[in-house]
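Just so it is clear: in the sequence shown, position 63 is 155 by the numbering used here, and no numbers are missing.
Hints were generated in silico from the structure; no laboratory data involved. Note that the structure is predicted; figures quoted are calculated from it, not measured. Some clues are possibly wrong.
[Claimed, not checked] Below are the BS3-like pairs computed for lysine-lysine, each with C-alpha atoms no more than 30 Å apart in a straight line:
no., residue 1, residue 2
1, Lys221, Lys190
2, Lys178, Lys100
3, Lys178, Lys154
4, Lys154, Lys144
5, Lys178, Lys101
6, Lys144, Lys178
7, Lys190, Lys178
8, Lys144, Lys100
9, Lys100, Lys190
10, Lys101, Lys190
11, Lys190, Lys154
12, Lys100, Lys154
13, Lys144, Lys190
14, Lys101, Lys144
15, Lys154, Lys101
[Claimed, not checked] Label pairs and their calculated CB-CB ranges:
no., residue 1, residue 2, range
16, Thr151, Val199, 18 to 28 Å
17, Glu218, Asn96, 29 to 39 Å
18, Tyr135, Val162, 23 to 33 Å
19, Gln223, Val172, 44 to 54 Å
20, Glu163, Arg217, 43 to 53 Å
Note that beta-carbon positions come from the ideal geometry of N, C-alpha and C, so glycine has one too.
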Amino acid sequence: MHPNFDPKKLHAAVCAAHGWTPNLTHFYTGVLEMSRSEMWTGYWNNRVMALKRAGVNVTTRKLRYHDDHVELPDGTFETVTSVQEKGVDVRLALDVVKLARLRNYDVAVIYSQDQDLCEVVEEVREIAKEQDRASEICCAFPSGGGATSRRGIDRT
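Kindly produce the complete structure, drawing on both the sequences and the hints.
Below is the structure:
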């Protein structure tokens, strides 16, 4: 429900391990509606403010909810709510491409395993070729015992 890391420190550590100089830190997330949880809405409002004060560019999108009515074996019904982030990956992709065109980075480090972002990798490589410069995207993702996947974004 919430990240247990400091995005700025994580980014600095990954960059330092590869000899890169971090210059921008962006954080993208979906946030709850107040009507769904006052406590979590308050948490995320405070978290976003703290990240912004620390110099992180934060982009939020409201989470979308879909209620399904599921029939249980005893014939009764239960409402099951699924939550989706909508627009977060598109905004991230647009920002990566825009910042590549503006030459704002040489290496973009994306902390995601969303395979939809593999299209961004090819676009950034094409931009770098047009600009006659080196520019790369790499993907850092969880790899510990609790990790659910062992790979990052394809072609990174």
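Hints and how they fare:
1. Straight-line distance between C-alpha atoms of Lys221 and Lys190 comes to about 15 Å, which keeps the hinted pair within the 30 Å bound.
2. Proposed proximity of Lys178 and Lys100 is supported: the alpha carbons are some 24 Å apart, at most 30 Å.
3. A C-alpha spacing of about 8 Å is found between Lys178 and Lys154, which places the hinted pair at or below 30 Å, so the restraint holds.
4. Note on Lys154 and Lys144: the hinted pairing holds, with a Cα-Cα distance of about 18 Å set against a maximum of 30 Å.
5. In summary, the hint linking Lys178 to Lys101 is supported, as the alpha carbons are separated by about 27 Å, within the 30 Å threshold.
6. As the CA atoms of Lys144 and Lys178 are separated by approximately 22 Å, the hinted pair is consistent with the 30 Å bound.
7. For the proposed pair Lys190 and Lys178, the alpha carbon gap of about 20 Å is at most 30 Å, so the pair holds.
8. Of the supplied pair hints, the one linking Lys144 and Lys100 holds, its CA atoms being roughly 11 Å apart against a limit of 30 Å.
9. Between Lys100 and Lys190, the direct Cα distance comes to roughly 21 Å. Compliance with the 30 Å bound is thereby established for this hinted pair.
10. Pair hint Lys101 plus Lys190 holds up; C-alpha atoms about 24 Å apart against a cutoff of 30 Å.
11. Distance check on the hinted pair: Lys190 and Lys154 sit about 23 Å apart at the alpha-carbon level, within 30 Å; holds.
12. In summary, the hint linking Lys100 to Lys154 is supported, as the alpha carbons are separated by about 23 Å, within the 30 Å threshold.
13. Our distance criterion of 30 Å between C-alpha atoms is met by Lys144 and Lys190, whose separation comes to about 21 Å.
14. Distance restraint check for Lys101 and Lys144: the Cα-Cα separation of roughly 14 Å lies within the 30 Å cut-off, and the hinted pair is therefore satisfied.
15. Taking the CA atoms of Lys154 and Lys101, the gap is about 26 Å. The hint holds against a cut of 30 Å.
16. Restraint check, Thr151 to Val199: a C-beta distance of roughly 20 Å satisfies the suggested window 18 to 28 Å.
17. Restraint check, Glu218 to Asn96: a C-beta distance of roughly 36 Å satisfies the suggested window 29 to 39 Å.
18. For Tyr135 paired with Val162, a C-beta distance near 29 Å keeps the hint of 23 to 33 Å intact.
19. The hint said 44 to 54 Å for the Cβ distance between Gln223 and Val172, and at roughly 49 Å that hint holds.
20. For Glu163 and Arg217, the hinted distance range of 43 to 53 Å is satisfied, since their beta carbons lie about 50 Å from each other.
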